[in-house]
Each structure stands twice: as C-alpha cells, then as structure tokens.
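Novice: Chains as they are written, first to last, in my numbering: chain A, 1 to 101; chain B, 1001 to 1370; chain C, 2001 to 2351.
Hints are computed from structural coordinates only; laboratory data are not their basis.
Cβ coordinates follow ideal geometry from the N, Cα and C atoms, glycine included.
Some clues are possibly wrong.
Partial list, computed: chain A residues near chain C (C-beta under 7 Å) [to be verified]:
#1 Leu3
#2 Phe25
#3 Gly26
#4 Gly27
#5 Val28
#6 Lys30
#7 Val40
#8 Ser61
Calculated Cβ distances over 12 Å to all of chain B for the following chain C residues [said to hold, decoys possible]:
#9 Asp2070
#10 Glu2114
#11 Met2207
#12 Arg2237
Only pairs whose alpha carbons sit at most 27 Å apart, straight line, appear in this in silico BS3-like list of lysine-lysine [said to hold, decoys possible]:
#13 Lys1002/B with Lys71/A
#14 Lys1002/B with Lys2330/C
#15 Lys1290/B with Lys1324/B
The primary structure of each chain is shown beneath.
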Amino acid sequence: MCLAVPGRVVSLAERDDTRMAEVDFGGVQKEVCLEYIPDVQVGEYVIVHVGFAIQRLDEQSALETLETFEKLGILDEEFGDGFELAARQAGVEKVGEETQR
Amino acid sequence: MKYLDEFSNPDLARRLLDQVHAATTQPWAMMEVCGGQTHSIIRHGIDQLLPDGIEMIHGPGCPVCVTPLEVIDKALAIAERPDVIFCSFGDMLRVPGSGQDLFRVKSAGGDVRVVYSPLDALRLAREYPDRQVVFFGIGFETTAPANAMTVYQAQRLGIENFSLLVSHVLVPPAIAAIMESPTCRVQAFLAAGHVCSVMGTTEYPPLAEKYEVPIVVTGFEPLDILEGIRRTVLQLESGRHELENAYPRVVPDEGNPAAKAMLTDVFTTTDRAWRGIGMIPGSGWKLSDKYADFDAEVRFDVAGMHTEESSICRSGEVLQGLIKPHECAAFGRECTPRNPLGATMVSSEGACAAYYQYRRLDLVEEGAHA
Amino acid sequence: MPELDFDGWVCPLPLRDSPSIVMGHGGGGALSGELVEHLFLPAYGEAAAAELGDSAVLEVGAGRLAFSTDSFVVKPMFFPGGSIGDLAVNGTVNDLAMSGAAPLAMSTAFILEEGTPMADLGRVAEALGTAAVAAGVRLVTGDTKVVDRGHGDQIYVNTAGIGVIPDGVDIGPTRARPGDVVIINGEIGVHGVAVMSAREGLEFSTMVQSDTAPLHGLVAALLDAGVGAHVLRDPTRGGVAASLNEIARAASVGFELVERQLPIPEPVTDACGLLGLDPLYVANEGKLIAVVAAEDAERALEVMRNHEHGKQSAVIGTCVAEHPGMLVAKTGLGGTRVVDLPLGEQLPRIC
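All chains should be built: construct the whole structure from the sequences, respecting the hints.
Specialist: What follows is the structure, given as structure tokens:
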C-alpha cells in the first residue's frame, strides 16, 4: 500500500484557510495539501500520498544512503574475505551462492 | 523523478544483491508487510534474484485485501442508492463483495466515481449540494491522515452532504496477530516505510523484543527493498532482533506529529475483522464520537449488516504465509483476476494476483496448474 | 470557431439563434441540412466530397480493400495536443495503415447530445477537416443524429474507412514468427497521459501533448523500402501490453520485451509514478508496433528514423517460440515478469 512519491514544492497557496502547494514531480505538477507539513518552504522536497504531503524528504539523508550503497562492494574488496574476492575475480561462484537466472 | 529513480539503479542493486548472497548461510523466512513492497518485489523480479534460501512471505499489508467482506457489502449498499455519489480509490472498484463489486453497481446505474484524493470527493460534495457524497475511507495509517483531514474540513466548512465510510487498519496489531498464530513461520519483518513516515518507529521495538524478530523499516524502490532485506539477513545471521530504520530519508523516529494529532482527534481504535484472517482486537480505526455525524454507516443505516465469507477461498492462509497461492485448489480455476473469490486475487498487491500476473511463467514451466 | 456562412441560410434563425444543438438538427430536414451546409462542409474544407448523396460512389480498381470502423467517445473532447476530431481521422487512417493500406475515403457519423454547444461542434469539425487534409483522406459521406439531453455525452463520432492494399503486401497478426524483431516508432504512454491530465478529478499539469498522427506515410515508406513487415499494430487502448498479447495469441508465439529499451519520456514515467500506472498499459496514438523479420530490422529502423513520425524508433523486444500467447518482460534489474492482457481500464491506485 501507500504509493507516495517525492516532489519539490514550487509554490504555496491557501484555499479555504488550508495550506496548499503546487508540487513538481519531474515532468508533472499537481496541487497538494500541505497541512501536515505546515512549515515547509518552496524548494523543499516532500512525499505525497493521495494529494497530501505526509512527510518531508531529507535530501541529505537520501544522498548519504546512495553513497552507502556505492561504497558497499568496494569496502569488501578492500577489507573483505580474500578467498571470496579471489573467487569473484576468477569468475568462479562461491559454493552455495545462487546463480542469477 | 528525483529521489526516486536513483533508487532503481541496476548496478547498485547488483551490489546489494551480492551482499545479501554473501551474508546468507541458512534459510530464512521474512515478511514484507506492505502490499506496495510486494508489488515492487515481484514487478522488478527481486524474489527471483535473492538466494534460494530466502523466502519472502507476502504479508497482509494490503488494505484492499483485508477490508472485511462486510464493509464491501456496506459500500455496495450505499453506492446503489440513487441519491448517492460514491467515491473511491481505484483499488477498491473490483473487490468482490458477497454478490457483486462497485464496477457492477456502476454499470447498473449507481453513481460510482474513482478519485485520486479524498479532497476530490469533498469538492464533489460542494458541487452537488443536493446529492449525498460518500467517500470510501480505507487504508493503513498512511492514508488515514488524508481521510481525517477531509472529514475535519467537512465539519469545519459545514459540508453536511459529505460522509465517510471508514475501514482503517493498523500494522502493529497485525504483526502481533501474525506472531501469535501457532503456525507462524515468519522470522523477521520488513516494516511498511510510509506507515512509519506518519506514525514513526516507536511502536516496533516492543514487538521486536516480545516476539524476538528483527523489524527493519523499509522503502519501496528496488534499492530500498534490497537494503531492507540485507539488514534483515545480517540481524538474523547474528541472532539479533532489533528495530532498524533502512528508510531514514522519509522516516523520522517521531513520524509526523501534526498528522498524529489529527488522527487522535478524528479516529478511535476499534476491533476490526481482517478479511481472511479474522478479528484482531484494537487493529482498526473508526470515526470518533466528535465526527459521528459524518459516519456513513450511521447515516445510511448499514451498521447492522453482517456477511459470511466464501468457503473455498483460502486468502487467509495465503495472507498468513501458510500456503502459496498456487497451492490453493481454486487458484487459476474458479479464482482468477477476472473472477476473484477473495481480495488477494483482486488487488494487484494481493499475493494471488501477483503470482498469477507475474509468476505464471515459472508455474507453467514447473508444470503446476495455472 | 469556424466561419459560419450566414448568407446562404434557408432560415437564418434556427442556427444563428441556436448556440447549441437542438433535436431538429438530427431530424433530416432543413435544420440538418443547414448543419451540413454551414458547419460541416466549410469545416471539412478540401477533404469534403462535393456531392452529397445517400452514399458515396468510389472508383477503386482491382485488388484488395482494407475496411475498418471505429467509434470515438473520448472525454474530455479537447486535450493537450488534440481533440476527438483529430483522433477520428488519425485513428481510422491508422487502422487501415496497419494492414498496409493507403487510405482512400472515410465516413463520419455524429451522435450529438441535445444542448451541445455549437462552438464545440464547430471546433471538432474543423479539427477533423484539418486532420483529413493533412492525412490526404477524403470525407465522403456522413450522418448526424441528435439524442435527448442526458442520453448521450456531447459528441460521439463513428467512422468507417476504406483503403487500398498494394499487391504482394501480406501483413497480419498471424504472421509473427519466432526470431522476428519488435520495433516501436517512438515514445510510449504519451497520449494516455495527455488525456488523463485534462480529465476531471485527476487534473495535473504537464507538458505532455497527445501524439495523435496519421501513420500511413510511415507504413508506405517501410513497404517501399522492401522491409518484410509481418505485423503492424497501433497500440491504442490497453497500450503496448494489450497489442503484443493479442498478437502473441493470434500467432501462438511469445514476445520478450526489454524494459530498458522502452522509450518512455520522463513526464510519462512521472505521471505514471504519481498515479500508480504502468506505462505499458497506457494508450498511445500516432504509434505503431512493427514486427519484422530479423534480417530486415536494421533497414526498418533506418527507414523509420528518417521519417517524421519515426524519429525515435527503437527495438524493444523479440518474438520467441517459448511461452506462446504470453508477453514477458525483462526488468531493469535482470528479473522477469509476465505482462498480462489488461483486464479492463487501468485505474489510479493508492497501493
């Protein structure tokens, strides 16, 4: 459940005393209710579910997470299991490892 | 889409998969709670790429799947009324009730409309002051804030021809119920990321401790799912059972305080029957007394309806991870996406539908009936 | 708003004082006649036949005819990049082109709801006429009926089209063979997203414009270049998924798509992400799938890319002997998934 996608707040507005915003999702823009993230500013990212911003997206955190993924295999090669590394470099699979179908 | 597409990077996915393979030394069974996660796993073929020993048990995290038959029948009864405009998320339109579904009510003349947001239903209520506009408020904690705000606005602005048919369900009681079941095979959980965006993570450490299961808050894109699985495997292999947050970019520990405040105001906890599982105490939300005037069950006098479930449908066992979809005798025969018996075949997240849509190839090759 | 000829009126009052369609416009009498004379014919321009008998008489010579029919009920009627008028012409022409036919003539029959604004009908007729001139197809006969208010939905258009198939051309869904290459002439999901963005209840802003276009020129270019096209299909409702499933079943073959090779523009990916839709199921216009013999694939791509309606042509998959009747896709991560025939309309989801 819970299809929520990240978008950037482009402009703020008020309708019936309710905080709304125009949010940009790349090639698409939609009006979103901001009542649950009342202090969000133009330029910030939020995640949107059924027309509501339900949480901020922490850009710094996102970049750090991606960086962690980038570093994953590399750290192993530097500090990991020597046999495993040798096997991988030789193109031989480790015993018990699954073949990619 | 920025901050979405990057999390589908195939090279990084390969690295995460390698890590999972390297870390797995024995079989493990874990459950991804959320239907959106099930959808992502199967749609990207992640379950095919994991080590053989890792079993993903598809959880009941599909509000469409678990909406009680009784509630669907109430929705149908309300939607049939000529004075009603019945609004719903698209997901619910094909869910079968005892006799029919919302699509058929529509073709028989009922005014049934698909909306993207509950606010669209409120807008319709203002546009058609002489009609009754009812919104079908299903969903987990992720969707509840949207429904809450809508009924709050209705009350504040005096939009009296609007009402809400509520059937919200909650994740933590579901996890507890699954672990309490004597036939439970689940050893770890990937918690629903967007539910935690709203509610935070504080409800989960007590569950992890009580049932001795790792719980890893996980997102929905391929890299997020793989990272959730990776951290889960590491915990299982080292005998730990803690709460971990693998989706920090949108899950702060405290969740969304403004949303939680609104939820406390608009809803109260109630016992809820989950289709295919049964009654789980304190596992649902209904409208609080303050908003009773906007409760569609009361307004349309359907509160007393009771219904029985299909006898050959084994959704419940599938939802609990006790059987695989194709092990049900009705799978692919009496029960197909075209003619679903239970909600697990209707919703695209339902394990049975996912199996039917995406995995028929494997089943055909294995010689299983499909 | 087209230039209405007020001087040739039998009785100027009915049309001039009628800003909208009334029952009489479907009655076959003077009002109907005026609608044809003063709204449809001027709007159709060069594409319209001069004579207006009960039926059109056409010279076709020997050979085979392609014959198609379609009804157009799109809502909203006007959307970014086009209208129901454009679809009526291009949709008909493309149906004929998918058999390899050059379009000859088509009919236009209107079912109008009482109360439809005349200005809207004028805009639709004008779009129809312009599209017909651009496609080089003649509008040779037509009909108008009016139904009571509330018993229709503004404008429905039905068309029938006739085209001539050149000798030696044999294109049809049963001709697909394992080893064939699947090519699409450009980006997918565009029309569906454009229409959705204008639809009430879903409104979102996007730069996406419908890709409606006549494709018989592109098809002719392929045939002229000697490309052995086995199947041509325009992936309209149900998208690429529906088309390939249908061909797979007709020919008892399988298809394998490679998701990474699908040309999908970013706004379409984003709109689909927002609503929870799969671009493979989103409707296209101005697009065709060509299933060609492997040895002709490179030539086909070259010819298509040189044509105005094929600049972004791409190979998206292959025809295989395995899993007959099924379409399977290789995901970005290297896994596989079955892409089934859509059950009905794809609906936005929250899950």
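Novice: A separate judgement is required for each hint: does it hold in the structure or not?
Specialist: Evaluated hints:
1. Leu3: 5 Å, holds
2. Phe25: 5 Å, holds
3. Gly26: 4 Å, holds
4. Gly27: 2 Å, holds
5. Val28: Val28/A check passes; min Cβ-Cβ to chain C is 5 Å, inside 7 Å.
6. Lys30: 4 Å, holds
7. Val40: Val40/A check fails; min Cβ-Cβ to chain C is 18 Å, beyond 7 Å.
8. Ser61: Where the cut-off is 7 Å and the nearest Cβ of chain C is about 20 Å from Ser61/A, the hint is violated.
9. Asp2070: Its Cβ never comes within 12 Å of chain B, the nearest being 23 Å, so this holds.
10. Glu2114: 21 Å, holds
11. Met2207: Answer for Met2207/C: holds, closest chain B Cβ roughly 15 Å.
12. Arg2237: Non-interface label on Arg2237/C holds, nearest chain B Cβ at 17 Å vs cutoff 12 Å.
13. Lys1002/B with Lys71/A: At roughly 21 Å apart (the allowed maximum being 27 Å), Lys71/A and Lys1002/B satisfy the hint.
14. Lys1002/B with Lys2330/C: Holds: Lys1002/B and Lys2330/C sit about 24 Å apart, inside 27 Å.
15. Lys1290/B with Lys1324/B: Not OK: Lys1290/B and Lys1324/B at ~43 Å, beyond 27 Å, violated.
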